[in-house]
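Chains as they are written, first to last, in our numbering: chain F, 37 to 212; chain Y, 44 to 522.
Warning: the hint list may mix true and false statements.
What the hints assert, rightly or not - A few chain F residues that face chain Y, going by a derived Cβ cut-off under 7 Å, partial list only:
1. Leu79
2. Glu81
3. Leu153
4. Pro154
5. Leu155
Since the hints were derived computationally from the structure, they do not count as laboratory data. No residue lacks a Cβ here, since even glycine has one placed at the ideal position from N, Cα and C.
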Amino acid sequence: MTATNDAAPGGPSDTPTVPIHLRPARAADIPALVPLLLRLKRLNEEFDPLLKVRDDAEHQANEVLRAQLSDPKAVILAAEGVGPDKDKVVGFVRALVRERPFYTPEWEGVIVDIYLLPLYRRRGVGEYLLRETSAALKAKGAGVVTAEFPAQNEIAIRFYAKRGFRPIQLLHARSL
Amino acid sequence: MAESTVAPVDEGRDPRRRAKPRRTAGARSGRKTAALGRRAVALSHFYGGKVETVPKVPVRSLRDFALWYTPGVAEVSRAIQADPDRSFDLTGRWNTIAIVTDGSRVLGLGDIGPRAALPVMEGKALLFKWLGGVDAVPLPIHAPTPDAFLSTVEAIAPAFGGINLEDIASPKCFGILEELQRRLPIPVWHDDQLGTAASTIAGLLNALELTHRSMREIRTVLLGAGAANLVTARLLLALGHDPHRLSVVDQRGVLDAERDDVDELMLRNPWKYRVALQTDGGGRSGDLAHAVEGADVLLAASTPDPNTIRPEHVRAMAKDPIVFALANPVPEIWPEVATAAGAAIVATGRSDFPNQVNNSLIFPAVFRGVLDARARSIPDEIVLAAARELAAHARDRGLSASHLLPTMEEVEVFPHVAAAVGEASVRLGIARRALSRDEFLERARALMQRSERLVRALARARLTPPMPSAKSLEDRSAP
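Build out the structure end to end from the sequences listed, making use of the hints.
Structure, rendered in C-alpha cells:
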C-alpha cells in the first residue's frame with residue numbers, strides 16, 4: 037500500500053492553498069515542537085489508560101526530537117502558519133523508516149505523530165501533511181506508509197480510511 | 044416585590060462570604076423554601092400527583108363507545124394508515140407532547156433518576172397546560188445510554204406532535220437534541236438549551252436597545268459553557284455578533300482554540316470545541332478578569348455563588364455595562380452589588396428581582412405555536428423569532444432598566460409569542476398547516492384561556508378539591 041497514489045479527488049489541497057508552510061524541522065524548532073508533541077500524547081491518553089503520559093514526557097520529547105532530527109531514517113516536518121502566524125509552528129509530523137525483514141516491501145515509513153493546532157484542522161492541511169510525508173518517506177526508500185494511533189481514535193481511523201489506508205496489523209495489550 | 048414563583052433555594056453554604064444586606068434575606072428565603080418543600084410533599088400526597096387524563100368527548104352511555112372505540116374507531120385508524128398526517132386531525136396528537144427526561148440533571152438535584160424526576164415533569168406538564176393549553180405527558184424514562192434514550196424517544200414519537208426534552212445532563216443533551224431533531228418529523232426542544240438561550244437573547248436585545256448598542260459592535264463575555272450558554276453563543280453568532288469579540292469563560296478560564304484541554308473537548312464535547320474554534324477566546328486568554336476588560340455585556344449562566352462575579356469585574360467593563368447573572372437559585376453577583384459597581388442593566392433568573400430571564404415565558408408559547416402550525420421541526424430561526432417577539436412585547440409596554448422583559452403576569456405575551464412562532468414556521472416552510480398570524484394569535488388565545496376555564500370549572504364542580512390548609516393536611520389523606 038503506497039500512499040503516494042492519492043488521487044485526492046476534489047481535494048482542496050492539490051495546490052497548497054492550505055494556510056501553512058511545510059518544511060523539514062530543525063533543532064531550533066524543538067522548543068515549539070515539544071508542546072505540540074505533548075498535546076498529541078495527552079490526546080492519546082484520552083483513549084486508553086495504557087497510553088498514560090509519563091511525568092518526564094517533556095524531557096523525553098526533547099531527547100527523542102533531538103536524536104531523530106539527526107537520524108537519516110526519521111522524517112520530521114514542521115508546519116508554519118502564514119500571514120500573521122508566519123514563523124509560528126502550528127503542527128508537525130514525525131515519521132520513521134523501519135526495515136521489514138520478512139515482508140515486502142522491505143522498508144516501511146511509519147507515521148508516529150501527526151498533530152495540528154485546532155484552528156488549522158479541517159482545511160485540507162492534514163491531507164497535505166500526509167502527502168508530503170509520504171513523499172519524504174518514499175524518497176528514503178519506503179515502499180509502504182503506515183500510521184500508528186490509538187485503536188479507539190475514530191477520527192484518525194476515518195481520516196486514514198478516507199485516504200486509502202486499511203488496518204494490516206493489530207496491537208493488542210493487557211497490563212502486567 | 045412579587046413572591047418567587049420559581050422558589051429560590053438558598054443553601055447559605057457560607058454566610059460569611061455573602062454581601063451583608065443579603066444575609067438576612069438569604070436566611071429568610073431559605074426558611075421559606077423549606078416550608079414550601081414540606082407543603083409541596085403534603086399536597087402531592089393529598090392530590091396524588093398533579094395531572095390526569097380527562098375525556099374531551101361526550102359519553103352519554105356505553106353505546107357511544109361504538110364510535111369512540113371499536114368498531115367505529117377502525118375507520119379512523121384506516122384513514123390515518125392511508126395518510127399518516129391525518130393523525131393530527133383525528134387524534135389528540137395535534138396538541139400533545141411528551142416531556143421526556145432520563146433524570147440525569149434535575150433542577151439543582153443532579154442525577155436523581157427517572158422516578159424521582161416525575162414530580163418535576165408533572166409540574167412542567169401543568170405549566171404547559173396552564174400557560175400554553177398544551178397536553179403534555181410526563182415521561183421520565185430509564186435510559187442508561189444516549190442510544191437507549193434516542194431509540195426510546197424515536198419509538199414513542201408517533202403519538203406526539205412534539206417532544207420536550209427536560210433535565211438531561213450536559214454535554215450529552217447536545218447530541219441527543221441534535222440527533223432527535225434529525226430523526227423525528229416533529230419539533231424537538233430542550234428547554235435548558237433553547238428556552239434559556241431564547242429568553243437570554245430576548246433580554247439582551249432590549250438591553251442593547253436601552254444602552255444604544257448594536258449586536259455587530261459589542262464585546263461579550265459568556266461565563267459558563269453549559270447547555271444554555273453554548274446555545275446562546277450559537278444564537279449570538281447567528282444574529283451577527285463578531286466571533287472575535289465573543290469570549291466564553293469556564294472554570295478553566297477563557298476558552299480559546301489553543302487551550303490545553305481543547306483536544307479533549309474535541310472528543311468529549313464537540314459543541315464546546317466548535318465554539319472554542321469559532322471564537323478563539325474572542326481575542327482574549329487567561330481568566331475572567333482578562334475577558335471582561337472593556338466588555339459591553341457579561342452573560343453568566345454558571346455557578347450559584349454570589350461571589351462568582353466580583354464588583355471589580357463589573358468595574359473593568361465598558362461604560363454602562365450589561366450584566367446577566369442567571370445562576371439559580373443564587374445569582375453570580377447580587378443585583379445591588381452589580382449596580383453599585385456600575386452595571387447599567389442587571390438581570391437574574393429570579394422572580395424576586397427585576398428583569399427575570401425566565402424560560403417559562405418561552406416554552407409554553409413556543410409549543411403552542413409549533414403545534415398550531417403542526418411544524419415538522421424547530422430550527423434556530425424559530426427560537427430567534429420567539430426571542431424577538433418576547434423582546435418586542437416588553438418594548439411595547441415601555442422599556443426601562445427594570446422592565447427589560449415581560450413578567451409572567453403579562454399573560455398576553457404568550458399568545459403573541461405563539462403567533463410569532465406559528466408565522467415563522469409557515470415562512471420557513473416547515474408548517475403542515477399555514478394559518479395567518481392573526482389566526483395563530485386567536486387560536487393560541489382560545490386554547491390558553493380554555494385551560495384556565497377548565498381548571499376553574501373543575502374546581503367549581505369540586506372535582507378538584509379546594510387547596511387544603513397546612514393544618515388540615517396533617518389529619519387528612521388523599522381522596
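Index of numbered hints that the structure contradicts, given in increasing order: Result: hint 2 breaks, nothing else.
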